[in-house]
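> In order, the protein sequences belong to chains A and B. So our numbering is basically just the index in the first sequence, starting at one, shifted up by 1338. So our numbering is basically just the index in the second sequence, starting at one, shifted up by 34.
Calculated lysine to any residue pairs in the SDA-like style (CA-CA distance at most 20 Å, straight line):
#1 Lys1416/A x Gln303/B
#2 Lys1384/A x Ala220/B
#3 Lys1384/A x Glu207/B
#4 Lys1384/A x Asp202/B
#5 Lys1384/A x Gln218/B
#6 Lys1416/A x Ala142/B
#7 Lys1384/A x Leu223/B
So these bits of chain A aren't anywhere near chain B, every CB distance computed over 10 Å:
#8 Pro1459
#9 Gly1468
#10 Arg1582
#11 Asp1649
Hints in this document: simulated from the structure, not taken from any laboratory. Only a predicted model underlies this, so the values are computations on that prediction, with no experimental measurement involved. Idealized CB from N, CA, C, for every residue including glycine.
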Amino acid sequence: MARVKNWQLGREMSYWYPESRPKKQFAAIFDTNKCIACQTCTLACKTTWTSGRGQEYMLWNNVETKPYGFYPLGWDVKLLAELGSQQWKGSVYEGRTIFEAARPGERALGWRPAEQDYAHPNVGEDDCAGNIEKGAAFAGVHMAWFFYLARICNHCTYPACLASCPRGSIYKRPEDGIVVLDQSRCRGYQECVKACPYKKVFYNPMTGTSEKCIACYPKIEKGLQPQCFVNCIGKIRLAGFISRPEDANPDNPIDYLVHVRKLAKPLFPQLGLEPNVYYLPPVHVPTQFSQQMFGPGVEHAVREYTHADADLAGLLGLFGSTEQIVPRWKRTGDFVYGLAEDGTELVKVPLREPIHERLALDPKFDVMRTNCP
Amino acid sequence: MKSSRFSFVASVAIAVGLPACSPSHPTLASVEVLVQPSAAELPDDPIDARWNSVAAFHAALIPQDMVEPRQLQLSTREVQVRALSDGARIAFRLEWTDATNDDMPMPAAFTDACAIQLPAAISADVPAPQMGEPDRPVEITLWRASWQAMVDGRGDTIQDIHPNAVPDHYPFEAASFEPGSDAQRAAQLRYAPARALDNPMAGPRAQPVEDLVGHGPGTLAPALTTSSTGRGKRIANGWAVVVTRRVPDGLVSGNRTQVAFAIWEGGSQEVGARKMRTGWTPLLLEVKP
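Next comes chain A alone, as it looks inside the complex (with noise of 0.2 Å):
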């Protein structure tokens, strides 16, 4: 095992290879607020790469209810539960690792879930839990509270099913930091979706391998975002490039929700991955939850996100606003510009759209309008 620095957890940790960042890291920024379930993202996904025999009961993309739903079955209380505490003090994660958790003989502390695990998802998860006192939704946190929480492979900084491959069939793309699985040299052993902490890395029967998530990198290679990105109905998502904290970049969207403005946080940091995956927490949930799910400062995040600033509300205002990755921003004004590398501008959005009254009786014909459907 080797020692390599890992921010998210404010220390260094072992894992299985020396550290080598790419080049440039793909990331992205999921808004929880968002999010409504309409699971189009689900079916862009499922449309564009996993339409084939083997691949029925694969979603490289889900969105599942929390805290009442999994997909995987259980995905990630059952590990939770196994790994033991997991303090931090400050920034500082004081617990361990899944790489420093592993058993003897293992790579990483995983568990492989049974087909059975991956045969409901959605069903029954986000039936209302209860009532919700008259203007509890608009005070913060209600004891009714659920949320949808949309996943994809997280693109690890430190993969664990990578580390977990005895074959190296699971690669980083140097150029984007994208992690890929090798279709033409993997066995099939499964060793990768046993250490996967999110179960983002599926067995297909009918090949005989693993895959997973290519984050459409064909699409990424182009300047563009994945599918899920694009057919986004709520507008909750953003990819883009992050550097590293010392390297943080303010005309950088992501570097700007996440390092600057420390507003988007990892899903479960304390495993160790460095996930690449970023989210705006939920308002209405719980620290305590929260703070299990995103890591540390999940109060300060939903406090900026609740008093957003015209910065904030115009960055926000970026996602899904364009199919193009956009590696820069400004705001001017009332607008906020999405920019290429070069500052070309790529899309220009409104802090406030306009709005348009229509009055009930029309003036020139002195009559009353009705909606028709």
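We have chain A; now place chain B onto it with these hints.
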């Protein structure tokens, strides 16, 4: 021509230092090959009566606990090995106890399997038994119960796993595709990248075995071609498998090389490096007059 016929004896003996067999078996054993005229085919059926007259070598199995991911639990304890040769090919018959028939690889489910490993070159100094070494490769022939099931007729659709499954739609089965057309095949491969890249794992299969080459742990790769054949059958208490491969290059009568065996019990989540194995065992080829 009768005088040109060969008769061989393949002897498999326990090497010094290998774990002892169970007390019911001798600590040193050999398998004598019955005289096989070259015109006669080697028995490829594991329940062929000819195997009954071949003495068995009882190879003790140990967990593969040297390389991560390691096998730390003892599962299959022994494999019985019989061997016959016609001078060009060697047929190994492996038999081991396995209460469950695991031939359906699925998420978290693995297939029963066995493998035979020999050094790629005959030399007194054998490569490491853990899949060989970078400059001293090993040749491996792998048999898998799941491949046997496919060769025996099991299809590769979801209904072959779950007969009542009803997929909504496969894009390559759209009415716009002419059945069996190149366009349809191309569309199908789009959703089966391992097949598109000719990964031998992806099938379809004509043989339940695959020839492989190893240059050390994690380097296992398909041989240029698979010339070996195999056939496995469930027997009362486990598996009996015949794997037939060519005689190793340079192995002539009176000469010896080494052989090692591995068994995977799919029901115990054994796959890849998680397996039961033997160490190197001498393999002697002799012509008997």
